[in-house]
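Listed in order, the protein sequences are those of chains A and B.
For the first sequence, position 102 matches number 102 in our numbering, and the numbering has no gaps at all.
For the second sequence, position 214 matches number 214 in our numbering, and the numbering has no gaps at all.
Source of the hints: derived by calculation from the structure; they are not laboratory data.
All values reported here derive from a predicted model rather than from experimental measurement.
Wrong hints could be hidden among the right ones.
Here are the simulated lysine-lysine pairs, DSSO-like style, with alpha carbons at most 27 Å apart [as the list claims (entries may be wrong)]:
{"id": "1", "chain 1": "B", "residue 1": "K202", "chain 2": "A", "residue 2": "K22"}
{"id": "2", "chain 1": "B", "residue 1": "K18", "chain 2": "A", "residue 2": "K109"}
{"id": "3", "chain 1": "B", "residue 1": "K41", "chain 2": "A", "residue 2": "K41"}
{"id": "4", "chain 1": "A", "residue 1": "K2", "chain 2": "B", "residue 2": "K109"}
{"id": "5", "chain 1": "B", "residue 1": "K22", "chain 2": "A", "residue 2": "K85"}
{"id": "6", "chain 1": "B", "residue 1": "K22", "chain 2": "A", "residue 2": "K43"}
{"id": "7", "chain 1": "A", "residue 1": "K55", "chain 2": "B", "residue 2": "K55"}
{"id": "8", "chain 1": "A", "residue 1": "K202", "chain 2": "A", "residue 2": "K43"}
Computed from the model, here is a short list of chain A residues facing chain B with C-beta under 7 Å [claimed, not checked]:
{"id": "9", "residue": "M1"}
{"id": "10", "residue": "F47"}
{"id": "11", "residue": "I58"}
{"id": "12", "residue": "P59"}
{"id": "13", "residue": "P60"}
{"id": "14", "residue": "G94"}
{"id": "15", "residue": "V95"}
{"id": "16", "residue": "R97"}
{"id": "17", "residue": "G108"}
Note that the Cβ used here is the ideal one computed from N, Cα and C, for glycine as well.
Protein chains: 2
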Amino acid sequence: MKSVQELGERKIIEIILKQLEKMPHMPVPFGDDVSAIEFDKGKLGVFKTDMLVGKTDIPPKMSLWQAARKAVVMNISDLAAKGVKTTALLTAVGVPRDLNQENIEQIGKGLNAGAREYGAYVLGGDTSEASDIIISCAAFGITRKDRLMLRSGARAGDIVAVTGFFGNSSAGLKILVQGLSAPLKLRKTLAESVLMPHARLKEGLSLAQTGAVTASIDSSDGLAWSLHEIARASQVGFMIDRLPIGHEARQFANVNNLDPTELSLYGGEEYELMVTVKQAFWEKVSRNVSLVRIGRVTRKKNLVLKMGKRELPIEPRGWEHFKTSLQKA
Amino acid sequence: MKSVQELGERKIIEIILKQLEKMPHMPVPFGDDVSAIEFDKGKLGVFKTDMLVGKTDIPPKMSLWQAARKAVVMNISDLAAKGVKTTALLTAVGVPRDLNQENIEQIGKGLNAGAREYGAYVLGGDTSEASDIIISCAAFGITRKDRLMLRSGARAGDIVAVTGFFGNSSAGLKILVQGLSAPLKLRKTLAESVLMPHARLKEGLSLAQTGAVTASIDSSDGLAWSLHEIARASQVGFMIDRLPIGHEARQFANVNNLDPTELSLYGGEEYELMVTVKQAFWEKVSRNVSLVRIGRVTRKKNLVLKMGKRELPIEPRGWEHFKTSLQKA
Numbered sequence: 001m002k003s004v005q006e007l008g009e010r011k012i013i014e015i016i017l018k019q020l021e022k023m024p025h026m027p028v029p030f031g032d033d034v035s036a037i038e039f040d041k042g043k044l045g046v047f048k049t050d051m052l053v054g055k056t057d058i059p060p061k062m063s064l065w066q067a068a069r070k071a072v073v074m075n076i077s078d079l080a081a082k083g084v085k086t087t088a089l090l091t092a093v094g095v096p097r098d099l100n101q102e103n104i105e106q107i108g109k110g111l112n113a114g115a116r117e118y119g120a121y122v123l124g125g126d127t128s129e130a131s132d133i134i135i136s137c138a139a140f141g142i143t144r145k146d147r148l149m150l151r152s153g154a155r156a157g158d159i160v161a162v163t164g165f166f167g168n169s170s171a172g173l174k175i176l177v178q179g180l181s182a183p184l185k186l187r188k189t190l191a192e193s194v195l196m197p198h199a200r201l202k203e204g205l206s207l208a209q210t211g212a213v214t215a216s217i218d219s220s221d222g223l224a225w226s227l228h229e230i231a232r233a234s235q236v237g238f239m240i241d242r243l244p245i246g247h248e249a250r251q252f253a254n255v256n257n258l259d260p261t262e263l264s265l266y267g268g269e270e271y272e273l274m275v276t277v278k279q280a281f282w283e284k285v286s287r288n289v290s291l292v293r294i295g296r297v298t299r300k301k302n303l304v305l306k307m308g309k310r311e312l313p314i315e316p317r318g319w320e321h322f323k324t325s326l327q328k329a
Numbered sequence: 001m002k003s004v005q006e007l008g009e010r011k012i013i014e015i016i017l018k019q020l021e022k023m024p025h026m027p028v029p030f031g032d033d034v035s036a037i038e039f040d041k042g043k044l045g046v047f048k049t050d051m052l053v054g055k056t057d058i059p060p061k062m063s064l065w066q067a068a069r070k071a072v073v074m075n076i077s078d079l080a081a082k083g084v085k086t087t088a089l090l091t092a093v094g095v096p097r098d099l100n101q102e103n104i105e106q107i108g109k110g111l112n113a114g115a116r117e118y119g120a121y122v123l124g125g126d127t128s129e130a131s132d133i134i135i136s137c138a139a140f141g142i143t144r145k146d147r148l149m150l151r152s153g154a155r156a157g158d159i160v161a162v163t164g165f166f167g168n169s170s171a172g173l174k175i176l177v178q179g180l181s182a183p184l185k186l187r188k189t190l191a192e193s194v195l196m197p198h199a200r201l202k203e204g205l206s207l208a209q210t211g212a213v214t215a216s217i218d219s220s221d222g223l224a225w226s227l228h229e230i231a232r233a234s235q236v237g238f239m240i241d242r243l244p245i246g247h248e249a250r251q252f253a254n255v256n257n258l259d260p261t262e263l264s265l266y267g268g269e270e271y272e273l274m275v276t277v278k279q280a281f282w283e284k285v286s287r288n289v290s291l292v293r294i295g296r297v298t299r300k301k302n303l304v305l306k307m308g309k310r311e312l313p314i315e316p317r318g319w320e321h322f323k324t325s326l327q328k329a
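Excised from the complex, chain A in its bound form (with noise of 0.2 Å):
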């Protein structure tokens, strides 16, 4: 019988998906970033629940109040992934015994203003007694049917890109976590990608309406795993031939000796959104949105990064919780 650490997150929910009866008509399919029922012809609501927990998402030096922002935040992003604005949220918080009136209070103010920023409110919260600080967050919101955007629509020959750079996050969790170094400008950046996240609203919902889009999902999981979600979720493969590499990740991996397609490719915390997009369209998308392009979807499925003439694997690995950890080395 395996123990859990060996299973992984992403095992574990595929179990946990495997004894449920699946509702006919489901307008979204297991294992995509969000959930929906159809309460209208051609309208869904659409759901997310995801909790942020102490040990493994809270890193030294980020706030209660930035660790609740950041569980209402990543709830947005990743109904933003799909073309979808939140427009309200719940929360139900688990306070361990240690925490005092104002460490509430932060949470308060956190959790409104990560929805505030996103031009969503919270209506309502629970609290329980918790070993552990946990700050379990559902996001609602609606749109037309026609207007969601998948993991599974991506087809051989789509362009694929990026809202963003990557690797700053990563950057930042080793400087939080594993205390690394750098000049004081530049940990300051890196540590505020980790501290606060920002989800990518605006672009999500521009990109929705453009109906080019033929794929989408946040990178919260790193950009590695999320082309392996896209790759598996589409039946397709990538060919990458641009990494997008952060300006002030690469300057930390001169600074720390370490490999910059690394930090970017297999990091997590990041709330950029990867989407694929008919190739013509991208001229009229691209105007509209300002998205990096990456590279290619191809119809052999495996997953290749083409630096020069190398051409390398992408493998499927990446932040996940149960292997990785934030607590301290």
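Guided by the hints, dock chain B onto chain A, whose structure is given.
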């Protein structure tokens, strides 16, 4: 600065809610059992999220299957109390490292069983590593705005009624947690009431259809607390002249020399509905739904239990996290 233990669960929720900006035109006020958004004229999306935490919500002898089922049922019960059928649920599961694959399967099966019992489906889930087992569920349903039963509509003269009898769960918790004893058959029945709670969905839906219910709540925090919540939200008082003590709870009280009033009034983990009904409609309503009349709503804002000629105050206490614990004493 007060610790969370001094504050207690309700004060913590109050502090969090105080930090939140109010969404304009909220169909359900802060602090009711559920939240809602109006997505079409007169049509509401109704939401709830609540988490079950191992340390405080899973008593000894409750299996993981039962715990997962309970996490679903307690959310369905909150929607049922508002007259809303749960269509779909999501879950976020916090998994400690000592669980194995079979444990995860049991959690998945329990989630599914709880949902299917009430015609709902679990649409998806997420997991994180956690120190203690956490099963957070979010429930969604749809209703007409004029069908929603809030906490705030009780008026002097209304009849107070419940969907069943109280005290069995308190007795069951005393058996499971404190090791109190009782004859085998009685012990089984009482333990079962804790391990396999049932949501009063059918009753909630029927009650909402009558249009005669002025306020409603589920009694998961105990009968006394539920009365106090309605009293506060509706700005009324109660005269309770018939305490609905469960037959088995009374037997258990006899055997263990306990006060059956205490057991039934100040318990918790019970999922009966407590409603107030317009007097003129009482006969019609009680013909359609099996209800136990327990008293009357009063203009005077105190809560009184009438026992023969004696009048006792009903205190605002019962099951509350941080103040009560399931840890074996």
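Hint check:
A threshold of 27 Å between alpha carbons decides the hint, and for K202/B with K22/A the separation of about 23 Å falls inside it, so the pair holds. Restraint check: the Cα-Cα separation between K18/B and K109/A comes to about 9 Å, which is no more than 27 Å; the hinted pair holds. Between the alpha carbons of K41/B and K41/A the distance comes to roughly 16 Å, so the proposed pair stays at or under 27 Å and holds. Between K2/A and K109/B the CA atoms are separated by roughly 18 Å; this keeps the pair inside 27 Å, and the hint holds.
Between K22/B and K85/A the alpha-carbon distance is near 18 Å, which keeps this suggested pair within the 27 Å criterion. A hinted pair counts as satisfied when its Cα atoms are at most 27 Å apart, and K22/B with K43/A qualifies at roughly 26 Å. Only pairs whose Cα atoms come within 27 Å are accepted, and K55/A paired with K55/B is accepted, the gap being roughly 17 Å. About 21 Å separates the Cα atoms of K202/A and K43/A, which keeps this hinted pair within 27 Å; it holds.
Hint on M1/A holds. Least Cβ distance to chain B is approximately 5 Å, under the 7 Å limit. Hint status for F47/A: holds, given a least beta-carbon distance of 6 Å to chain B, under 7 Å. Of the supplied interface hints, the one on I58/A is violated, with its beta-carbon coming no nearer than about 11 Å to a beta-carbon of chain B, more than 7 Å. The interface hint given for P59/A is broken, as the beta carbon of that residue sits about 14 Å from the closest beta carbon of chain B, more than 7 Å.
Hint on P60/A is violated. Least Cβ distance to chain B is approximately 17 Å, over the 7 Å limit. Satisfaction of the interface hint for G94/A is found here, the shortest Cβ-Cβ separation to chain B being roughly 6 Å, below the 7 Å cut-off. Below 7 Å, beta-carbon pairs count as interface contacts, and V95/A has one with chain B at about 5 Å; its hint therefore holds. The interface hint given for R97/A holds, since its Cβ lies 6 Å from the closest Cβ of chain B, which is under the 7 Å cut-off.
Nearest Cβ of chain B to the Cβ of G108/A: about 3 Å, under the 7 Å cut. The hint holds.
The structure does not agree with the numbered hints 11, 12, 13 stated previously, though it agrees with the rest.
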